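Participant: Spelled out from the first residue to the last, the chains are:
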Amino acid sequence: TQLLEQSPQFLSIQEGENLTVYCNSSSVFSSLQWYRQEPGEGPVLLVTVVTGGEVKKLKRLTFQFGDARKDSSLHITAAQPGDTGLYLCAGARGSNYKLTFGKGTLLTVNP
Amino acid sequence: DVKVTQSSRYLVKRTGEKVFLECVQDMDHENMFWYRQDPGLGLRLIYFSYDVKMKEKGDIPEGYSVSREKKERFSLILESASTNQTSMYLCASSLTTPVGAFFGQGTRLTVV
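Protein chains in written order, with our numbering: chain A, 11 to 121; chain B, -6 to 105.
Be a bit skeptical, because a hint or two may be false.
Once the Cα atoms are required to be at most 30 Å apart in a straight line, the calculated DSSO-like pairs of lysine-lysine come out as [unchecked claim]: (1) Lys67(A) to Lys80(A); (2) Lys50(B) to Lys80(A); (3) Lys48(B) to Lys108(A).
Covered stretches of chain B, as calculated for chain A (at least 3 residues, CB under 8 Å) [as the list claims (entries may be wrong)]: (4) 25 to 35; (5) 38 to 50; (6) 89 to 97.
Quick caveat, the hints were computed from the structure, so don't treat them as lab data. None of these values were measured; they are calculated from a predicted model. Positions of the beta carbon are idealized from the N, C-alpha and C atoms, including for glycine.
Bound-form chain A, shown alone (with noise of 0.2 Å):
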């Protein structure tokens, strides 16, 4: 059972356009965060979100995290091909905060 599911699993855009990649659960969790990956390399974290409704933002990149802390959304404004990636979510569960990654949105902005 994949406790995250990723939307778009795909997505491929001009540079310049806007995009929202949506992370969704049934369960509730403690934490969520949103990880960066280029091929080859290890997952590099973006952001943490921890309070339903929040809503944080870095650079051209805007983080939410639902209201009963199931879902989240990244959004990404005028994309640029450095943000060519996999876009990894991960919820944390648990006193010990074990983490259970969604499949991933890869995300390919061509000049």
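Chain A is fixed; fit chain B onto it per the hints.
Facilitator: Below, chain B without anything else, positioned relative to chain A:
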């Protein structure tokens, strides 16, 4: 900066061999994780450790074991490697607070 170091980037082993994958972190994190990543399947948790000598099975522990004798080191052991264990293996560490995990560079293991 947190550093998580995996012992090998690439590894080729024969079927039936015992394989050790080592991971070391330098930030005194309580939690350490081993995942495998396969196309179409995402990152799947193999084992998780929240303290020295403590371990918890993840979603796919069969065919694997782990060892955490020191806080900074978490080892993944393939008791008898099989071709279906060919994969990218990722180690991560985190504090026991929801601030996020830090990953190593990954070990691409091929079992022939």
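Participant: A separate judgement is required for each hint: does it hold in the structure or not?
Facilitator: Right, here's what the structure says about each hint:
| no. | hint | verdict |
| --- | --- | --- |
| 1 | Lys67(A) to Lys80(A) | holds (19 Å) |
| 2 | Lys50(B) to Lys80(A) | holds (24 Å) |
| 3 | Lys48(B) to Lys108(A) | holds (11 Å) |
| 4 | 25 to 35 | holds (count 5) |
| 5 | 38 to 50 | holds (count 4) |
| 6 | 89 to 97 | holds (count 9) |
This entry satisfies every hint, going by the numbered hints stated previously.
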